[in-house]
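Q: Below are the chains, spelled out letter by letter.
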Amino acid sequence: MKNKSKQAKPPGFETLAIHAGASPDPTTGARNVPIYNSTAYVFDDVDHAASLFNLQTFGYLYSRIGNPTVSALEEKVAALENGRAAVATASGHAAQLLAMYILMEPGANFVSSPNLYGGSITQFTHTFKKFGWECRFADTANLDSFKNSIDKDTKAIFTEVLANPGGIVIDIEPLSKIAKSEGIPLIVDNTTASPYLCQPFEWGADIIIHSMTKYLGGHGNAMGGIVVESGKFDWAQNDKFPSLTQPDPAYHNLTFYETFGDFGFSTKGRAVALRDLGPTLSPTNASLISTGIETLPLRMERHVENAMIVSEFLNNHSGVEWVSYAGLKNSPYYELAKKYLPKGPGALFTFGLLGGYEAGIKLVESTELISHLANLGDTRSLIIHPASTTHRQLTDEQRLDAGAGAEVIRISVGLESVNDIIADLEQALDKAGV
Amino acid sequence: MEKLYYPDWQIRRILSETNVIAMIGASSNWNRPSYFAMKYLQEKGYRVIPVNPGIEGQQLLGETVYGSLKSIPFSIEMVDIFQKPERVPAIVDDAIEIGAKIVWMQLTIRHDEAAKKAENAGLVVIMDRCPKIEFGRLSGELGWGGVNTRVISSRRSKKIR
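Protein sequences, first through last, are from chains D and W. Counting from 1, one number per residue, gives the positions in the first sequence under my numbering. Counting from 1001, one number per residue, gives the positions in the second sequence under my numbering.
In case anyone wonders, no lab produced these hints; they're calculated from the structure. Predicted model, so just to flag it, every value in this text is computed and none were measured. Backbone N, C-alpha and C define an ideal beta-carbon position, used for all residues, glycine too. Wrong hints could be hidden among the right ones.
[Stated by the list, open to error] Example chain W residues on the side facing chain D (calculated, C-beta under 7 angstroms, incomplete):
id: 1; residue: K1117
id: 2; residue: G1122
id: 3; residue: L1138
id: 4; residue: G1146
[Stated by the list, open to error] Pairs of lysine-lysine residues, derived as DSS-like cross-links and limited to a Cα-Cα distance of at most 30 angstroms, are as follows:
id: 5; chain 1: W; residue 1: K1117; chain 2: D; residue 2: K240
id: 6; chain 1: D; residue 1: K343; chain 2: D; residue 2: K177
id: 7; chain 1: D; residue 1: K339; chain 2: W; residue 2: K1003
id: 8; chain 1: W; residue 1: K1070; chain 2: W; residue 2: K1158
id: 9; chain 1: D; residue 1: K343; chain 2: W; residue 2: K1158
id: 10; chain 1: D; residue 1: K180; chain 2: W; residue 2: K1003
id: 11; chain 1: W; residue 1: K1084; chain 2: W; residue 2: K1117
id: 12; chain 1: D; residue 1: K177; chain 2: W; residue 2: K1003
id: 13; chain 1: D; residue 1: K152; chain 2: D; residue 2: K232
id: 14; chain 1: D; residue 1: K232; chain 2: W; residue 2: K1070
id: 15; chain 1: D; residue 1: K362; chain 2: D; residue 2: K343
id: 16; chain 1: D; residue 1: K180; chain 2: D; residue 2: K343
id: 17; chain 1: D; residue 1: K232; chain 2: D; residue 2: K343
id: 18; chain 1: W; residue 1: K1158; chain 2: D; residue 2: K240
id: 19; chain 1: W; residue 1: K1084; chain 2: D; residue 2: K180
id: 20; chain 1: D; residue 1: K9; chain 2: D; residue 2: K147
id: 21; chain 1: D; residue 1: K339; chain 2: D; residue 2: K232
id: 22; chain 1: W; residue 1: K1084; chain 2: W; residue 2: K1070
id: 23; chain 1: W; residue 1: K1158; chain 2: D; residue 2: K9
id: 24; chain 1: W; residue 1: K1003; chain 2: D; residue 2: K232
id: 25; chain 1: D; residue 1: K9; chain 2: D; residue 2: K338
id: 26; chain 1: W; residue 1: K1084; chain 2: D; residue 2: K240
id: 27; chain 1: W; residue 1: K1159; chain 2: D; residue 2: K9
id: 28; chain 1: D; residue 1: K240; chain 2: D; residue 2: K338
id: 29; chain 1: W; residue 1: K1070; chain 2: W; residue 2: K1116
id: 30; chain 1: W; residue 1: K1039; chain 2: D; residue 2: K9
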């Protein structure tokens, strides 16, 4: 037995999307992962129960912290991001809460890009404040501002890579270098790109977050979030992360990083954060999302193809003042998109109407095929006026920073026949009088 | 340093053919990693003999603790090392002397020179891995915790032992 045998070539993305985490059920032979509608799991004896509670053995205990349908999905997403492990949650917001709960302490802060989904800005600014966590927004046009915002109590840098509401690509590689030099992790929200279009761990991210409700699930039928860890961050390099490197009184003084190594962050997230905060993903939603992921590569290809055609149509329309899609050559983010999103910069973008606010409202109220609602990453094309909806809770300045000014329309280009999407936009633009 | 790579079939063969493991640095403290590994391996049917001079003669998870590899009065197939790298060469010398077949160094532990010596003496060496995690990975149990096992298969998973 030689230990220098040639390493087998890792499976391709499409293979992983279908097979990772989803081997046949060893007992029944069921080929698709069944929906395990069970809240709890029997113990062989009291010693087995003790081993499970102590995390000394692998196994299911109670579905708040682990369920076979959910863990199959977790392994699948961990594999697609080329990460070490993942913890699924009830929503993308819950994923953000879970990740921060592991890293933060009262009085701690993290530095964030301001180009975020409006709901994230609200969660970070107001709700996290109640835990004693401070979010400091830096300037993505000036990456030094991230470094300048960091102090001894800073626990992470947070950013989206393809920023919602649209068109902005964040230069994450230099951000990862800043994080590395400060001994803190870079957290990247990869929701709007999906792992098919962008692989943040390749660029130095340490933790990836998704709202799986969007492209991963892809069909607008199930809520879910997930936190993926790369397994490469050294939590013991400094004393910033006591909840991973010191004995945890919330878990009989177990030291998670020492005991679970490169999946210590996820184990902590499951055994303590999921257990005590409780934002568990349901097995039914996990099953719907897993099925969705099987076709993620095909869907993303078509999403990008349709988005490119729709963005060009809008770009050439006389009533449209500007289109912010990183696939267009006139986008300031065109080059960054080529670097980070070589298969295409997603299918979510914004545009501004010459008629401003009133025309924008009229447009979203006039579509007949494109759905007027607050979501993205559905098979269906979706449209929204962010200033009055997703980004409504923000100040005017925050809205402008986030790319959600009064005249801005956001579109999530779906998988319908692209001519029908364009025809619907054309008639709605007519009705909007532009 | 060259990246370590062990094919799945090699790890699987070791884990399915080994029965008696000496664990160097086994701790009697229930929340130490070595205690976790010992308990888990026992549950999977291995006999694990704890070696720790600090608690020599005591009972640990139903087994007598020995002070050294050489003081174990029966045959050992695999030596599992929970010790700092600088202590590895002396342990490897003992492992060769008692006729062990496998030297396994735990996660983060690596000693290329000692490994070479053991291999030259005909032993199989695994470094920077945990037998508990590898057992869990190849049996699929590790995936129950959302960990990426990197195992892709259209077959029901085969029992390791």
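Q: Does the structure keep K1084(W) and K1070(W) at a Cα separation of 30 angstroms or less?
A: Answer holds: K1084(W) to K1070(W) is near 19 angstroms, not above 30 angstroms.
Q: Is it true that the CA of K339(D) sits at most 30 angstroms from the CA of K1003(W)?
A: Cα-Cα ~28 angstroms, so holds.
Q: Please verify whether K1084(W) and K240(D) have alpha carbons no more than 30 angstroms apart.
A: With Cα atoms ~25 angstroms apart, K1084(W) and K240(D) stay inside 30 angstroms; holds.
Q: Checking one constraint from the list: CA of K177(D) to CA of K1003(W), max 30 angstroms. Satisfied?
A: Satisfied, since the Cα-Cα distance of roughly 23 angstroms is no more than 30 angstroms.
Q: For K1003(W) and K232(D), compute the direct alpha-carbon distance and say whether it is at most 30 angstroms.
A: Distance of about 14 angstroms is within 30 angstroms: holds.
Q: Run the distance test for K339(D) versus K232(D): straight-line Cα separation, threshold 30 angstroms.
A: Answer holds: K339(D) to K232(D) is near 22 angstroms, not above 30 angstroms.
Q: Does the structure keep K1158(W) and K9(D) at a Cα separation of 30 angstroms or less?
A: holds (22 angstroms)
Q: Hinted pair, alpha-carbon criterion (30 angstroms max): K152(D), K232(D). Please report holds or violated.
A: Roughly 22 angstroms between the alpha carbons, so the hint for K152(D) and K232(D) holds.
Q: Keeping to a limit of 30 angstroms between CA atoms, is the pair of K1070(W) and K1116(W) held or broken?
A: Roughly 21 angstroms separates the two Cα atoms, so the pair holds.
Q: Can the restraint linking K1039(W) and K9(D) be considered satisfied, given a maximum Cα separation of 30 angstroms?
A: Cα-Cα ~34 angstroms, so violated.
Q: Is it true that the CA of K180(D) sits at most 30 angstroms from the CA of K343(D)?
A: Holds. K180(D) to K343(D) sits at ~27 angstroms (cutoff 30 angstroms).
Q: Please work out if K232(D) and K1070(W) have their alpha carbons no farther apart than 30 angstroms.
A: With a Cα-Cα distance of about 38 angstroms, the restraint between K232(D) and K1070(W) is violated, given a limit of 30 angstroms.
This entry does not satisfy hints 1, 2, 3, 5, 8, 9, 14, 15, 18, 20, 28 and 30, going by the numbered hints stated previously.
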